[in-house]
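**Student:** Take a look at the letters that make up each chain.
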Amino acid sequence: MSQNTTGGFDPNDPFGNWRTIRDANLDAWAKGMTSLVNTEVFAKAIGLQLDTLLAASAPVQDMVNQHMETYLAKMSMPSRGEVVSLAGRLTNIELRLDDMQAQLDEVLEAIRSLAAAPAPVPAAQPAAPEAEEAAAGEPKPATPRRSRKTTE
Amino acid sequence: MTTSSAASFDVEAMNQKLYEELQRLGKGTETMANLAANRMNVRIGQTPKEQIWALNKMRLFHFYPQTPPEQRKGIPLLLVFALINRPDIFDLRPGNSFVEHMVRQGYDIYMLDWGRPGPEDKHYDFEDYSIKFLPRAVRAMQRHSGSREFSMCGWCIGATITTIYAAMRPDDGLRNLILLTAPLDFADKEAGPYNKWLNTEFYNIDELVRQYDNVPGEIIDYGAKMLKPVENFVMNYLKLWDNLDNKAVVESWLAMNTWVTDGVDFPGAAFRQWVVEFFRENRLMEATLMMEGRPVDMKNIKASVLNVIADKDHIVPNCQSTTAMDKIGSKDKLLLEMRGGHIGLMVGSGASKRTWPQIDGWLAKRSESK
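Residue numbers (our numbering), protein chains in the order written: chain A, 1 to 152; chain B, 1001 to 1370.
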């Protein structure tokens, strides 16, 4: 391998030299083009280019859409607009479901925190002995569940 | 040694160079053949994750933690990318992935994928994305993580969306907001080609949206590449050609190319709003952008803000981000200028050595559970 280089030029490396020249040219070209695209003239040119493209494609696209709609109607098939509308309605349903799930989560969270909260100490009331006996064989109501949990 | 001139010409050295070049061409041909035969597909977005929520085309992913519970940060981090490219750039390749780095630092990472809009999504604008969809994704993340408080990181247009969210929902639990190359202030009409292109009367935005519903990703990609045409259309491919014998460079190039060419359509209404209300009328900065019947005012932002800009960003000039700092109402806010371009800021060896540690350092102090 040769180290005979003069100012980046190595007489024994034609490919390397070619690359160096290429990169220097490209850098200059890149700087020029970057400046060019940042001008009002270029902005107008690119806008006109797009405008021309849109002006040319609009009648074709409108015609295709019209024919396609007629064809699909004759074939008893839904049009593009109808499918799009259906998709939009599905998204709305998804949004509602998402909100419902969030609300359900909130309700569940509230129930859990209620269940975990310590029950208020009931005021001491002398219970009638006959009422206690009557309640002994029945299922326990929902409210005592909390106090039962807190005593565990 | 056979030389005609010892100082300048050496036949043996020249032969050696030619041999090296031929060897390189041989390897390059093999690589080209593999590329042509699709045998060198590089997968991007490989950090293990699960989908935890979906709505319309949107999906929310959670990355599996890779650190013991005691080393994890207290609050989750939600990543939000722009509407016009895939969010996989946050998780490009193993060893070159912001997500992978942050997961290893103990962050609980979530990533929102906006998906690919269809014609039925053409009427969605920034209000929908910032106020309708993003809060729902946040809600799903809060439910999944069990933490009401969270951090959010928005990149490019994703940063604009997260800024709007932070201004409109300051009490929803957002503690930290990281903005990466955020386009927020469009007052300087001379800043960057986009401003000139989109402000011209020749740019018929209504007709474009009418014909296409959503602006095709190819047009967006073409516009982005035209900002630096020689670099993107010529030098990019020459870089690949010059390195065909270097597998690591080729794979890295392929990964980036896979992401760049996988463009996403810009929803019609959002694109129209982007051009008219952001670029032309600068409504976000002037607090005249209306959502939910009230102006979006960045003064309402309460979260700590880290605004990261890139010194060589040709897509979002620095002035589009820096001036917004005065408008943001947060008491704790920091502007950080890093080396790199719009994407290079967060991808590549420079990013892993400079940007990611800076973000991690700032966020770690603000991510403890209260």
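No lab work stands behind these hints, which were simulated from the structure alone. Be careful, since some hints might not be right.
Cβ-Cβ distance ranges computed for the label pairs, FRET-style [claimed, not checked]:
#1 Tyr1019/B - Asn25/A: 25 to 33 Å
#2 Lys1331/B - Glu69/A: 54 to 62 Å
#3 Pro1135/B - Ala28/A: 31 to 39 Å
#4 Ser1349/B - Val83/A: 42 to 50 Å
#5 Asn92/A - Arg1294/B: 46 to 54 Å
#6 Lys74/A - Ala1037/B: 20 to 28 Å
#7 Pro1135/B - Arg112/A: 46 to 54 Å
#8 Arg1294/B - Met100/A: 49 to 57 Å
#9 Leu90/A - Glu1021/B: 20 to 28 Å
#10 Gly1350/B - Pro14/A: 29 to 37 Å
#11 Ala28/A - Glu1021/B: 21 to 29 Å
#12 Glu1368/B - Glu106/A: 50 to 58 Å
Which residues of chain B face chain A? A partial, calculated answer using Cβ under 7 Å [to be verified]:
#13 Ser1008
#14 Met1014
#15 Trp1362
The structure displayed is predicted, hence computed values, not measured ones. C-beta: ideal position from N, C-alpha, C; glycine also.
**Student:** For each hint given before, does the structure comply? Return the numbers of the non-compliant ones in rising order.
**Tutor:** 3, 5, 6, 7, 8, 9, 12 and 15
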